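Given chain A, put chain B in place with the hints provided.
Order-wise, the sequence lines are chains A and B. Here the numbering used here is used: position 265 in the first sequence is 265, and no number is missing along the way. Here the numbering used here is used: position 272 in the second sequence is 272, and no number is missing along the way.
Think of the hints as simulated: they come from the structure by calculation, not from any bench. On a predicted model such as this, the values are computed, not experimentally measured, just so you know. Since no wrong hints were added, every one of them can be taken at face value.
Same chains, same names: a pair is fine if it fits in one copy or spans any two.
Simulated pairs of lysine to any residue, SDA-like, Cα-Cα distance not exceeding 20 Å: (1) K310 <-> T326; (2) K224 <-> P83; (3) K310 <-> D328; (4) K335 <-> T298; (5) K310 <-> N347; (6) K19 <-> D328; (7) K343 <-> D286; (8) K135 <-> L124; (9) K135 <-> E165; (10) K343 <-> D295; (11) K310 <-> D295; (12) K343 <-> C288; (13) K178 <-> E151.
Number of protein chains: 2
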Amino acid sequence: MKVTAVIMAGGRGERFWPKSRNDFPKQFLSLTSDGETMIQKTINRLAPLVATEDIFIVTNESYVPIIHQQLPDIPKENILAEPVAKNTAPCIALAAAVINKKYEDAVMMVLPSDHLIKYEEMYLDTMRHAIKVAKKDDNLVTIGITPTYPETGYGYINFFSNDDEMPGVYKVKKFVEKPCLETAKEYLNSGKYLWNSGMFVWKVSSIMKNFEMHLPAMYEGFLKMKESAGNADFTAVLEKCFNEFESVSIDFGIMEKAENIYTLSGSFGWDDVGSWLALERINKTDECGNYVTGDVITINTRNNVICGGKKLIAAVGLEDLIVVDTDDAILICSKDNTQDVKKVIENLRICNRREFV
Amino acid sequence: MKVTAVIMAGGRGERFWPKSRNDFPKQFLSLTSDGETMIQKTINRLAPLVATEDIFIVTNESYVPIIHQQLPDIPKENILAEPVAKNTAPCIALAAAVINKKYEDAVMMVLPSDHLIKYEEMYLDTMRHAIKVAKKDDNLVTIGITPTYPETGYGYINFFSNDDEMPGVYKVKKFVEKPCLETAKEYLNSGKYLWNSGMFVWKVSSIMKNFEMHLPAMYEGFLKMKESAGNADFTAVLEKCFNEFESVSIDFGIMEKAENIYTLSGSFGWDDVGSWLALERINKTDECGNYVTGDVITINTRNNVICGGKKLIAAVGLEDLIVVDTDDAILICSKDNTQDVKKVIENLRICNRREFV
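The following block holds chain A by itself, in its conformation from the complex:
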């Protein structure tokens, strides 16, 4: 059975403003010193596992040219443009329809486009194991990440004890929302919760059975999209289906209701690179703890993230700041206030300064 990958690349994240904009979100940025963009890394690490023609990218219409540019090897027909973003469930139904038309049944790895993985070999091992589990019966597999601290910004996966039938594979008891710090600590101490990384592996047939059961209207859309895939009316059918689809995540729409969900615990140096703060975690810092790119002079300056642009930046006596220079905007933000960057974006929206958003 064919193994395919579906990369979800429609995200519009604001956390890397001013580098990320509505028309150039995080997945297309290079946030590591190797110069590769997040989506290029996502694709490249799959090379030993999936053929290029079996990688499908679901995205927004406006990002298609960027994807062609950054990933010239991906066949154009594998880049699937959603007419409108309706969260992850419709995105997965669309990819499933196209794959189902091409291969009848196949294994689908569903992967975010903007996460970082440090231990790629261990990642591949985990994915191979997940594929094996997904091929069996109608199993749905979700990749959990072994927590290293009580993070309150992620959802968690609560799993049952192993039944020895499949070593390293755990049946999922339930998905839980982002916890408060105290609850997160309990989860961590219990040894029964993993971070929900948003990576899934299943057969097209398995996930569609669950769509039929839990999101029947979307299942109807899936059938229509599959029917028209590759035909002249595909775009029109897509438009009609997406207009009718409810906006719902795969977690809420399917995973919280489905049976036969298994999780594998990934320990492959996963990082969701959730904000500018992540850059000092995922990159090498200088002897003063600064992560610096571009033309920057630092004097008596410690523990900052400084992303220079075309100008010289002189940083004097700074501590715990994020500095980002782009062609039209400069962000200077204390590390304790990164969540307030969205207030800047709100302000820009209110003032109708769309060129900055």
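Then chain B, alone, in the frame of chain A:
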């Protein structure tokens, strides 16, 4: 007797880097919200006191075009270009030579080009009084500033008690160098010390008598420059004289040795605008204590100086920083470290990045 003003505009200050550069120093910058440059302010406030044709500007050859541009009303022949900067004594000798040739004797007010004065009417009153004192005998007058705090960055003027002959005028006992904090506090508490503002008033004849006595070689130069002033060989004579002049300040070369020095205590809101920190002192700040110019969004940001350029600046969670954006460089500096900006400039010099210095 004619009253003339000599504006010393050769300074190359680095304290307003990156806005001030070697080829565009502080006196040519606008640092207040009214848009006037420091030298324009200096000239404009003299209007009730001195005719435009009696204002002389001593500067560096390379600044002559900027002065023409910023002060189009000053006659070109009144802009005196020093072939090489040799501190204030040669600068004053040059101006005295030109004025002496034009008017035989005259009162000379010698004034820095880059200081700020808030109470201009009181300033004019003080200068009128100083002119009166300078006309009498061979008095040399220095304008002292009544200290408001124990500043360690200025020289001080120690004066004798008033002898009731000239009310508000004090004979100078001695000039003292920049003190340590403890000494500065003693000066302040004694009531016998004023800040040395670098503003002087005297007759050409009085100061030249002192040059003859204390800097005789420079006096010879003065005679030669006077002789050639207005003639074809003036530039050549200037070049020769300046090459031979020792580099010495008027304070050290004359004032510390001369007799008949009087000081008037100025209380006219003088500010030497010595660093970026001065901007929040001399300008109106917002309700959070920020002095902001340009396109800046502040969120949860207090007590900063933010001078925007052409880009949007988003300041999030900042406190006590200096931020300056120019076309090719950005400075971000904590208020406690403004003195380290010169390390940036040193670094740029060492790396031979002259375009930034």
